[in-house]
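Note that the protein sequences, when read in sequence, are chains A and B. Just remember that my numbering sits 199 ahead of the position in the first sequence, which is counted from 1. Just remember that my numbering sits 7 ahead of the position in the second sequence, which is counted from 1.
Since no wrong hints were added, every one of them can be taken at face value.
List of simulated lysine-lysine pairs, DSSO-like, C-alpha gap at most 30 Å:
1. B:Lys100 <-> A:Lys328
2. B:Lys156 <-> A:Lys236
3. A:Lys737 <-> B:Lys100
4. B:Lys89 <-> A:Lys725
5. A:Lys725 <-> A:Lys709
6. A:Lys737 <-> B:Lys102
7. B:Lys102 <-> A:Lys398
8. B:Lys72 <-> B:Lys89
9. B:Lys67 <-> A:Lys737
10. B:Lys57 <-> A:Lys398
11. A:Lys398 <-> B:Lys67
12. B:Lys78 <-> A:Lys398
13. B:Lys89 <-> A:Lys236
14. B:Lys89 <-> A:Lys737
15. B:Lys62 <-> A:Lys455
16. B:Lys62 <-> A:Lys398
17. B:Lys89 <-> A:Lys328
18. A:Lys398 <-> B:Lys185
19. B:Lys100 <-> A:Lys398
20. A:Lys398 <-> B:Lys89
21. B:Lys89 <-> A:Lys455
22. B:Lys100 <-> A:Lys709
23. A:Lys455 <-> B:Lys58
24. A:Lys455 <-> B:Lys57
25. A:Lys737 <-> B:Lys156
26. B:Lys152 <-> A:Lys737
27. B:Lys152 <-> A:Lys398
28. B:Lys106 <-> A:Lys737
29. B:Lys67 <-> A:Lys455
30. B:Lys89 <-> A:Lys709
31. A:Lys398 <-> B:Lys58
32. A:Lys596 <-> A:Lys756
Keep in mind that the hints were calculated from the coordinates and are not lab data. Treat the numbers as computed from the prediction; the structure is a model and nothing was measured.
Listed here are the chains, written in short residue letters.
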Amino acid sequence: MKGHATAVVLAAALAAAAPGPQVPSVGKPPHRPPADKHIPFNYTSKNGMVVAAHPLAAEAGLAMLQAGGNAVDAAVAAAFALNAAEPFASGIGGGGFMVIYRARDKKTTVINFREKAPAAAAPSLFAEKGDAAEEWKSERGTAVGVPGMPAGWDYALRRYGTKTLAQAAARAVEIAEQGFPVSATFSTIDKDEYEKLLKNAGETTCYLNQGVPYEPGDVFRNPDLAKTLRLIGRKGIAEFYTGSIAPKIVAAVREKGGIMTLEDLAAYGPEEVEPLRGTYKGFEILTVPPPASGGLHIIQLLGALENWPVRAWGAESPAYIHHAAEAMRFIFADHARYLADPDFRSIPLARLLSKDYSRSIAAKVADDRIAGEYPFTVFDAAKDKRENTTHLAVADKDGNIVALTQSINDFFGCGIVPEGTGFLLNDHMRDFDTDPQSPNAPAPGRRPVSSMGPLIMTKDGAPYLVLGSPGGLRIFPSLAQIIVNIVDFGMNLDEAIEAPRFFASSGNGKAHPLVVETRIPEAVRKDLEKLGHALTLKEDYDKYFGGAQGLMFLRDKGLILGGADSRRDGVGAGY
Amino acid sequence: MSRTAFVAALAAFALGAPLLAQNKPAFEQPILITSAGQSADGQLAAVLAKKAELKADLVKMAAAKDLAGHKTLVLVLGASMKGLGAAGLDTAKEKDRIKGLLAAAKAQFIPVLCLHLGGEARRGELTDAMVAEYLPSAKMAIVVKSGDKDGLFTRIAKDKGVSLIEVDKTLDAVPPLKAAFAK
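Chain B with its partners taken away, still in its complex shape (with noise of 0.2 Å):
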C-alpha cells in the first residue's frame, strides 16, 4: 500500500471506529458473501476477507439455507450485466433473491454488511437501484469513496442509521473489514 493510500485508511478506519463503538455492529466470523448483482466484486470481496483473515464463505447465488453456520452476511453491492448473464439471472430474479436472502438474515438476528467495491465504474441504475434497497438493511457498509462521489451512500447511510466507512482504494478496505470483526 503506498503511503498515501495507507494515510487514507487509517483515517478512514480513525473515522469508522468512534462509529463500530457507538452502534456495536458485533459482526462475528464465519461470514458468507454473496454480491447483489452478480458483479466480480463478490469474488474481490472473498479475496479482501482472506487478507483480512477471516473465515468466509463465497455464494454466488446465496439463498436463505446457505446462511445456516454464518454469523454475519456481507452483501456486496454492484450490478454487473455480463454477470447476471453469465448466472441466467434477469434483474428481477436477482432482486428476489436478494430480498429473500435479507428476509431470513433478519429473522435468524445475522447482521448485514455492505461493501461497494467497483467504485465510479461500477455505478449506475441497477447498481443504484440495489443500493437504495438494500444499503438500508446493513449495519456497516465500507465503500471505495469513487463509488459515493454523489453522496448516495452517504445520504442513505445518515438516514438509515447505517455506519458508513469510505478507503480509498479497494485494498485499503481491508483493515476496516478486519476491525470489523475485531473482538
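Looking at chain A on its own, in the form it has when it is part of the complex (with noise of 0.2 Å):
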C-alpha cells in the first residue's frame, strides 16, 4: 500500500491523461498517484475534499469548496462538470439521488430528483412491442423518462446551497466550450455504443469525431452544451422544464416515436425524502429508500452476513465469496417480489429491514453447496450488462457532506439528443419491467426501480464513510463488499474500492454465474466451482463491477481520506 498523499493531487491525474490542451490545474501536487492506476492510493486532505469520475469534475468540485461554496455547492458544480466531462454515463437529460448530511445539526435528507414515465405510458406500454421491446425500452423515443437532474440540482442548491445555478454552472460551460482529450476510457464507451450514437444522434453530432468514435487523445468540445448549461444558468431550470429547451426535448423524444409531452415536462419536481437506515457492526448506515433498491439491498446483504465468520474466512476466501454470493442471489428475489415505486405501492420495508429477515436469508445458504432454488426471482442477467451511471462525494470544512449518484441509464443513454442542445437524453424507462403485472411495470408518473444506492456510514453518530457507484445491479454487492473490505478485513479506503470484486444473482428461480474478476485466485475459483458455482471470469480490474468513490473521515488525525476507483477514470481533489 502506497502512503497517503497530502493536498490536492488533481494535477497529476490530469498530467497523466493523454496529451491535449492545457486545462488549469489547482495547485502544484506534492504527492502525486501512482502511474499505475490500480495500485492503491488514498487522496487526503485536511479541509475538504471531492472524488468523482473525471479529474475535472473533482478540480470543479475543489474549486466552489476553495471559492467558499459548501458541500452541497461543490457537489452540484461537479455534478454539472461531469455533463460536459463525462457526458456518456450522466446530464442533465437524466436523473439521481443525491445523499446530503449537514453538520449543523446532524441531518441527514435525500433528494429524489429520478426520473418518471410520461403520463402516457400504460403499463403495456413496452410488453405490446413483443420481441422489439428491449429497443423501444433503450434506443427508441418510450426509452425516454421525464428528466429530473436540473430540477434535483436546483432543489439542492435552494434548500441546502449557497450558491446560484449559474455559479454552480460556470466551470462547466468552461470545460464544454475549451475541450478536453478523451480518455482510454470515454473512447472505448463511446466504440461499444456507436451503432447507438450514429442511428440516433447522427453522423455529425459532437459525440463523434467526424462521423467515428474518438480515440484516446481525441479532443472533444461540446459548444451546445455550453450554451445549453448557460441558458439555464441564467434563466432558471424553468427553461428546461417550461422554457426553449422544452419542446426541443418533446420534440426529439416524439420524433423518435416517444410519448413525452411538454405536459409532462412542466409536472416534474423532485422531492426531499427521509433516509433508509440500517446497521452493520456497530456502524449505522443511512442511503437512499425506493424507488432506489441499492440502499435496501446494501444493508440487507450486510445484515445476511453479519450471521457469518466473515472476518476469520478472510477476504477472498471461498466460504466468505460462496456465502456472500449466495445471499446475493436470495436478495435478487426480494428485488422482483417487491420493488416498486412506492408512491404506487406499499413496500414492506421495516420487516425488509430487519435483523430476522436478514438472518432467514443466511438460515437459507448452504455451507457446502449452492441453494439452486431462488423463488420469485425474475431477473434476467443477459439483459443487465450496464456499467453505465456515475458517483462523486463531497466533504467541506464545516462537515457538510455530499454522497450524489446519477445517471443517464445506459452509457450515452439513448443516444437522442434534443437539437442544438448538445444534452443526452436519458433511457431510463428501461428500468421498468417489461410485465404489466410486475410492480415496476410503467405507469403514468411512475418512477422506476434504481439499482443506485449512495450511503453514508456513521460510527457514534459521527459521519466515517461515504460511498456510492455506478454499475446497475452490480452497485449493492459491490458497494457491500467495499464496507466489508473495511469494517471486517481492515482494508484502507482505497484498498477496499480496489479489491477484486464478485456478483452473484439469479433468474427464474435459478442460479445465475457468480461473476468475478481474475484477481480471485484460481485456486479459490476451483473450490468455488466444487461448491456447485458456475464462473464467468471477467477482466482484472473490470468496469462491469462499476467504479466507485469514498471519503472515510479519520477524526484523530483530522484528515479526509478520499478513494476513487481505477477501474473508471475516478480522482480525488482536496485542500
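Can you join these two chains into the complex? Each is in its own frame, and there are hints to help.
The following block contains the structure:
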C-alpha cells in the first residue's frame, strides 16, 4: 500500500491524461498518484475533498469549495462538470439521488430526482412491442423518462447550498467550450455505443469525431452544451422544463416514437425524503429508499453477512465469496417481488430491513453447496450488462457531506440529443419491467426502480464513510463488499475499493453464474466451482463491477481520505 | 485530421502503395461489408467507405447469397459479446457464418479485404481467434496500429502473403481504403 499523499493531486491526474489542450490545474501536487492507476492510493486532505469519475469534475468541485461554497454547492458544480467531461454517464437529460449530511444539525436527508414515466405510459407500453421491447426501452423515444437532474440540482442548491445555479454551472460551461482530451475509457465507450449514436444522434453529432468514435487523446468539445448550461444558469430550470429547451426535448423524443409531452416536463418535481437506515457491526448506514433498490439491498446483504464469521474466513476466501454470493441470489428474489415506486405500491420496508429477516436469508444458505432454487426471481442477467451511471462525493470544511449518484442509464443514454442542446437523453424507462403485471411496470408518473445506493455510514453518530458507485445491479454487491473490506478485513479506503470483486444473481428461480474478476485466485475459483457455482470471468479490473468513489473521515488525525475507483477514471481533489 | 495523423496516414499509404502495386489486389466496387464478431466496427467501416466515396452495402449477418452483385468482400475483424448477444448469435454460429461467406467468396473469385478498426480495446480471445482464422483469406488488411501491438496481424500477414497497411487512427484508414479501390 502506498503512503498517503497530501493536498491537491488533481494536476497529477490531468498530467497522466492523454496530450491535448492545457487544462487549468489547481495547485502543485507534492505527491502524485502512482503511474499504475490500479495501485491503491488514498487522496488526503484536511479541509475538503471531492471524489468524482473525471479529473475535471473533481477540479470543479474543489474550486467551488475553495471559493467558499459548501459541500452541496461543490457537488452540484462537480455534477454539472461531469455532464461536460463524462457525458456518456450522466447529465441534465437524466436523474439521480443525493444524500446530504448537514453538520450544523447532524441531519441526513435524501433528494430524489429520479425520472418519471410520461403520463401516456401504460403498463403494456413495452409488452406490446413484443420481440422489439428491448429496443423500445433503450434506443427509441419511449426509452426516455422525464428528466429530473436539473430540478434535483436546483432543489439541492436552493435548500442546502449557498451558490446560484449559474455559479455551479460556470466551470462546466468552460469545460464544454474549451474541450479536453478524451481518455481511453471515453474512447472505448464511444466505440461500444457507436451504432446507437450514429442512429439517434447522427454522423455530425459532437459525440462522434467526424462521424467516427473518438480515439484517446482526441479533443472533445461540446459548444451546444455550453450554450444550454449557460442558458439554464441565466434563466433557471424553468427554461428546461417550460421554456425554450422543453419543446426541443419533446420534439426529439416524439420524432423517435416517444410519448413525452410538454405537460410531462412542466409537471416534474423532485422530492425530499427521509433516508433509509440500517446497521452493520456498530455502524449506521443512511442511504436512499425506494424507488432506489441499492440502499435496501446493501443493508440486507450486510445483515445476512453479520450471521457468519466473515472476518475469520478472510477476503477472497471461498467461504466468504460463496456465502455472500448465495445471499445476493436470495436478495434478488426480494428485488423482483417487492421493489417498485413507493408512491404506487406499498413495500414492507420495516420487515425487509429487520435483523430477523437478514437471519432468515442467511439461514437459507448452505455451507457446502449452492441452493439452486431462489423463488420469485425474474432477473434476466443477460439483459443487464450495464456499467453506466456515475457517483461523486464531497465533504467540506464544516463537515457537510454529499453522496450523489446520477445517471442517464446506459452509456450515452438512449443516444437522442435534442436539437442544438448538446445533451443526451436518458433511457431510464428501461428500468421498468416489460411485464404489465410487475409491480415495476410502467404507469403514468411512476418512477422506475433504480439500482443506485449512495450512502453515508456513521459511527457513534459521526460520519465515517461516504460511498457510492455506478454499475446497475452490481451496485449493491460492490458497495457491500467495500464496506466488508473496511470493517471486517481492515483495508483502508482505496484498498477496499480496488480489491477484487464478485457478483451473483438469480433469475427464473435459478442461479446465474458467479461473476468474478480474474484477480480472485484460481485455487479459490476451483473451490467455488466445487460448491456448485458456475463461474464467469471478467477482466482483472472490470468496470462491469462499477466505479466506486468514497470518502473516509479519520477524526483522530483530522484527515479526510478519498478513494476513487481505477475501474473508471475516478480521481480525488482536496485541500 | 491532425498534421501528425495525416503524416502517419501518408506514411502508411506510402508503405502500402508498393504492396498494392506488387500484389495487384484489384479491389472493385460495389463492396459488401460485414463484421466478423458483430462489433460496432462493421458500422464504422460503412461510414469510412462512405467517406472514401465507395459504393458499399453493410449487411451485418451477410450470407453467401448477399455476395450477389458485389465485387469485393470487406470483412471487419472485431468481436463484441454485446453485439453477438444483440444479434442472437453465439460464437459457433458466427464462425459458421463467416466460414460459409469466405468459402462462397472464394468460389466466386471475390477478393477479401480485412479491416481491424477497434484497436487494442477490441482485441481479445475471440477477436484473436477470428484474426487467425480469417486474415489469411484476405488479399489485403488495413489495421489500426494499436490493435497490432503484439504483432499478431504483422505475423499472419507476413506468413500468408497478405498486404498489410497500419494506420494510427480510425479516420486514417480512409485514404488507403480509397486507394485500394483506385483504378
